[in-house]
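Peer 1: Starting from the known structure of chain A, fit chain B onto it as the hints suggest.
Line by line, the protein sequences give chains A and B. Just so you know, we're using the numbering used here here: the first sequence kicks off at 9 and counts up by one. Just so you know, we're using the numbering used here here: the second sequence kicks off at 9 and counts up by one.
Keep in mind the hints are simulated off the structure, nothing from the lab. Any given hint could be a false lead.
[What the hints assert, rightly or not] With beta-carbon atoms standing in for the labels, derived distance ranges:
id, chain 1, residue 1, chain 2, residue 2, range
1, A, G120, B, G78, 26 to 34 Å
2, A, D143, B, P82, 32 to 40 Å
3, A, A193, B, G101, 41 to 49 Å
4, B, Q100, A, G120, 48 to 56 Å
In this text, a Cβ means the ideal position worked out from N, Cα and C, and glycines have one as well.
Protein chains: 2
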Amino acid sequence: MTRRIELAVLPAEALAIDAGAYIVVDQLRATTNIATLLAAGMDEVLVVDDIERARSEAKQRGALLCGEVGGFPPPGFDRGNSPIEAEEAARQGGTAVLFTSNGTRALCSLAGRGPTFAGALVNAGAVSRAASGYDTVAVVCAGTGYGLRFSQDDFAAGAEIVRRLAERTGAEPGDAARLALSAIAGGPPAVEHLVRTSSHARGLAAAGFGPDIDYALRVDRWQVVPAVVACGEGWALLRPGRAHAAAG
Amino acid sequence: MTRRIELAVLPAEALAIDAGAYIVVDQLRATTNIATLLAAGMDEVLVVDDIERARSEAKQRGALLCGEVGGFPPPGFDRGNSPIEAEEAARQGGTAVLFTSNGTRALCSLAGRGPTFAGALVNAGAVSRAASGYDTVAVVCAGTGYGLRFSQDDFAAGAEIVRRLAERTGAEPGDAARLALSAIAGGPPAVEHLVRTSSHARGLAAAGFGPDIDYALRVDRWQVVPAVVACGEGWALLRPGRAHAAAG
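Pulled out of the complex, with its shape left as it was, chain A reads as follows:
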C-alpha cells in the first residue's frame, strides 16, 4: 500500500526520487494517446524520440506510424498524435510506433529505476489503482520543450492521479503533491480549467486541435495501465500491464 506520494514537476526531479513506481504524465497528448492506443486494440506501443528511427521501426515491423512535428503528422506518417484518430486506428491491433519528444525521454530514463506506467486523465483511475501497491509512488510531469519546461496540463492530470492515489491509500503527499491537491480542490472543473488554460492547450486549440483537448478531458474513459516492458536510449516499449494491479 502506498505510504508516500511525490509529484515530480519535471522529469529531472523524478531522477532525485527513490520511488517504487513511476507514473509518467504527458496529458496533451502523448500519454493520452498511448492509453487510447492500448485500450482500443493495439497490442503494444513503441515510443521513440527520433523521427528516422520511428519511420524505420514502423517499416520493419509493419506497424502503424503515429506522431507529430509542430502538432501535425510528418510526411509518410499514418496518423498524427490525436487520441481521436488513435481510437479508430487502434482497432487493427498489432504494434503502433509513436514519435514524441517529451514523454519518451521521461519513460526511458525512469524505466531503468522501477516499474513505469503511462498515465493521463483518460486512465487516471486505472493507473492510480495499479500504482497503489507500491510503497512510494512518483507521478512525473513530462513537461514541454524536451522535458525541460513545466507544463500546466501535465500538472493538472498529475494532480488528479495524486488525488485518487491519496484517497485510496491515505498516503502522505510531498510538497508538490500537496500543492497539486490544493490546486484541484475545486474538483473536476478545477482540473479542466488548469488543462484548458495551459500554454500547450492554447497552442493546440489555435492549431485546430480543440477536439483532442476535449477528448483528453474524458476522465476514466479507459481502464488500461500502459506499462514499460522494455526500453533503451531513445525508445520505450509499452504494453497493457495488469499484473501490478493485483498488488493494490
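Peer 2: Below, chain B without anything else, positioned relative to chain A:
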C-alpha cells in the same frame, strides 16, 4: 518594461529560459537571510557551497561567518542561517560569508546569463520593482536537496514576486507563473499557508526555528535588492543593487 514572466519550478528549468533578469528565491532561509544581511548593514555577502571554503574565506577576509548544517551553525561559525540573528549581526558592516547548499548553485549558474538578484518575501516589492525594467523575467525557485527537489516555500514566495511584477507591468505569465498566481489568489493568507505547510517549514519548526519562519513572512520588511556582482564555481558575491532599479 517586463512583457513576460516565467516561474522556474526548479533551478534546472531556469537554464532553459532565456530571460533578461533572474530572481533566485530560497525563502527558508537563504535569500531571506541575504536580503536581511545587506539591508541591516553588511556591505556584501559571499555565498559559497563548500564549508571549508566558507571557513577559509571568512578567516582571510575577517568576515562574519554564517551558515548551517542540518539547520544549526557548524563548529567555528559565528552565526547560523537565521535572519533574526542576521539582522542583529549585520550592524557591524563589512563582509558576511554564508554557507548554503541550494541557493548558491542557482545564483552562480544563472549569473553568467544575465542580471541575477536574490528575492524573498522580505524584499518582494523591491526586487520586483528592480526587475520590472527587463523584458523577460524569470523567478527561480531554488528548491531543496541540492536544488533537485521542488520546495513549496520557494514557490509561495516566488508567486508573490510574480504577482507584484504582473500587477506593475501587465506582463504575460508562463504556465508555472499562471499556476502560482492562482495558488495565491486568496491573498497574503494563501501565501503564508503555502510557506507554513511546506516540508521545509515543518522541519524548521520541529527543530525550534519557528521564529525564523515568522520573520521570513514579514513581507516587504526590506527595500534592498541583492544583486550578484561576481561569481565562480561554487561561490557568488552579492551587494545591494540599486542601479537596475532605475531601468523600471
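Peer 1: All the hints need checking, so say for each whether the structure fits it.
Peer 2: Against the structure, the hints come out as follows:
1. Here the CB-CB span from A/G120 to B/G78 is close to 32 Å, well matched to the stated 26 to 34 Å.
2. Hint check: A/D143 to B/P82, Cβ distance near 34 Å, so the stated range 32 to 40 Å holds.
3. The given range of 41 to 49 Å is respected by A/A193 and B/G101, whose C-beta atoms sit roughly 48 Å from each other.
4. For B/Q100 and A/G120, the Cβ-Cβ distance of about 53 Å falls inside the hinted range of 48 to 56 Å, so the restraint holds.
Violated hints for the displayed structure: none, as all numbered hints are satisfied.
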